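Q: Chain by chain, the residues run as shown.
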Amino acid sequence: MNIGIVLAGGQGTRMGIADRPKQFIDVYGKPVVIHTLENFDIHPEIDAIAVVCVKEWQDDLKILIRKFELNKVKWIIDGGKTRQESTYNALDALKEILHEDDIVVIHDSARPLITNRIISDNIKGAKEFGAVDTVIPSTDTIVRSLDGSMISNVPLRKELYLGQTPQSFKFSIIKEAHDIAWSNNIDNATDDCQLILNNGKEVHLIAGDKLNFKITTQEDLLLLKSIVKLGKLERI
Amino acid sequence: MLVRSYKIAAPRSFENYIDDVILNKGEALIKIDKVAICKADLRYYIGNRDPRLLGLKYPLNLIHEAIGTVCKDEGKDFNVGDKVVFVPNIIPDSADFERLKKYNTPELGENYCSEALFASSNFDGFSKEYISYPKKNLLKLPEGVDNNILVFLELTSVAHAAYRRIKFKKGDAAAVWGDGNLGFIICSLLKAMGIENVIAVGKHMDKLERFPADKVFITGDPDIEKLSIDAAYECVGGDFAEAAIDEMINSVEIGGKLVLSGVSESKIPFNTRKILEKGISIYGITRSNVEDFKSAISLMKISEYSNNISKLILGEKVIGNIGDFSDTFEEESHNKNLGKYILDYKF
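In order, the protein sequence lines correspond to chains C and U. Numbering of the first sequence is given in the working numbering, commencing with residue 1 and proceeding in unit increments. Numbering of the second sequence is given in the working numbering, commencing with residue 1 and proceeding in unit increments.
Hints are computed from structural coordinates only; laboratory data are not their basis. A couple of the hints might just be wrong.
[To be verified] With beta-carbon atoms standing in for the labels, derived distance ranges:
hint, chain 1, residue 1, chain 2, residue 2, range
1, U, G323, C, R157, 14 to 22 Å
2, U, E15, C, R157, 22 to 30 Å
3, U, F118, C, N71, 28 to 36 Å
4, U, N79, C, T190, 38 to 46 Å
5, U, K39, C, E219, 37 to 45 Å
6, U, F118, C, D47, 35 to 43 Å
7, C, S183, U, V80, 39 to 47 Å
None of these values were measured; they are calculated from a predicted model. Ideal placement from N, C-alpha and C gives every residue a C-beta, glycine not left out.
Put together the whole structure using the sequences plus the hints.
A: And the structure:
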């Protein structure tokens, strides 16, 4: 089985919108999380979807899932205090259902411009390598500063990539990595692949897409709305 | 849902768009899998149309030869995973039915409806990840035929629309002018339909030698006018259509029939005196309809026909991004060979 795990547990404190998490902000008639879920729901290789959601928004999510007829969402799971805890909650909830070699495709709900190809490549890569991360090459030079005021060094750009999601894994590999992290009191990893690397295993790269960006700030939201609006150009 | 879409925005210039695809009543949601580029697409790509018309059309999703996979159908006419071909000629529900009935005769069909929409012209074409498409314009693909060959269903349907304009009698001879893809396909179709004497006329012997024709001639050969041709198909178009049509008029028998399918931007003069003297009938064909596609699907099940069509596949191009898409259009715009590329959508 290939399971999409969509993380919608964040509060979006950087958005400047007080009454709802960023993933519930409307973009031309649909919340961001629904735009994202539609891409998983329609994908022929995705068998079922689990959504990790803050408790107080779960009823709203259920209503939206019915309204937009998303047939593959089978589980709504409580969000955690951190991203790591949210993912763990999903893995824990699925442990009786999934087998070792089943694939989990873990994706941010705030990346609505994911493509069919990225999901397909993630599933294929996770089956072959066990763990994959979606990335794009860094086109900007990245500078490293340890104190926030001076450059410490400039890493070689060709060796740098920007991490996106999905991150996809064989269930046994990601579950084991999370269990070990908890037993070592690591509870605030921002990225599942870090846990795999900490566990001494390889993570392979999948080509992402610049438009698969994350809605984190108002500027990102403006960009998303502008992009979608362009496509709505009507002929007279 | 938000999907990737490549639109032509100016000659030789594609742009990335995100389209919000909404599943409408009477439609199914389809993932577009494989497509091919048509000469009409290339005219929009190169900008070889009236500038005012281009200004009204751009930005535009090109491509009308395509197959895909059903992802959602609330009405359950199709199952998720069904492979389908798109019929690009769409009759809107608002079309005047009484007027439409006038067109809906075996000889004509709804492809002559003036209110019809056509994908990649005045309706969205298939240069995108997914599309919500009228179910009445979707047909299931036959099993056991390679998907790359099935991309030629649209061209086969157009060839069928040309074929059905003539009522052949046993022993009739048919000739095809034009050594391009449509000429090849009409020749293949005529042979599959049992026409015993099929002649191909063109400018390039290296192409004509690959045609499934009984005889081939280079245009201008004086022996062409000695042939006994009952029906002649013009698949030339452009500036060379004039010479081809003139040769066709000179070559057909008294009472012969000409079927014109090539698109010319300029007006083409005809030798009307000879048309009158020979009592020639001239038929115009444009596009195709659902029934033509059904006939095309039946033809594809004939292995001799589908094997012939497979010779038109120059190769497969994986389209991972807009650069791949643009590069393939550029390559096709310079393609002088018989055949074309199949574009495998992976974006």
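Q: Tell me, in ascending order, the numbers of any earlier hints that this structure violates.
A: Checked against the structure, no hint fails, so every one of them is satisfied.
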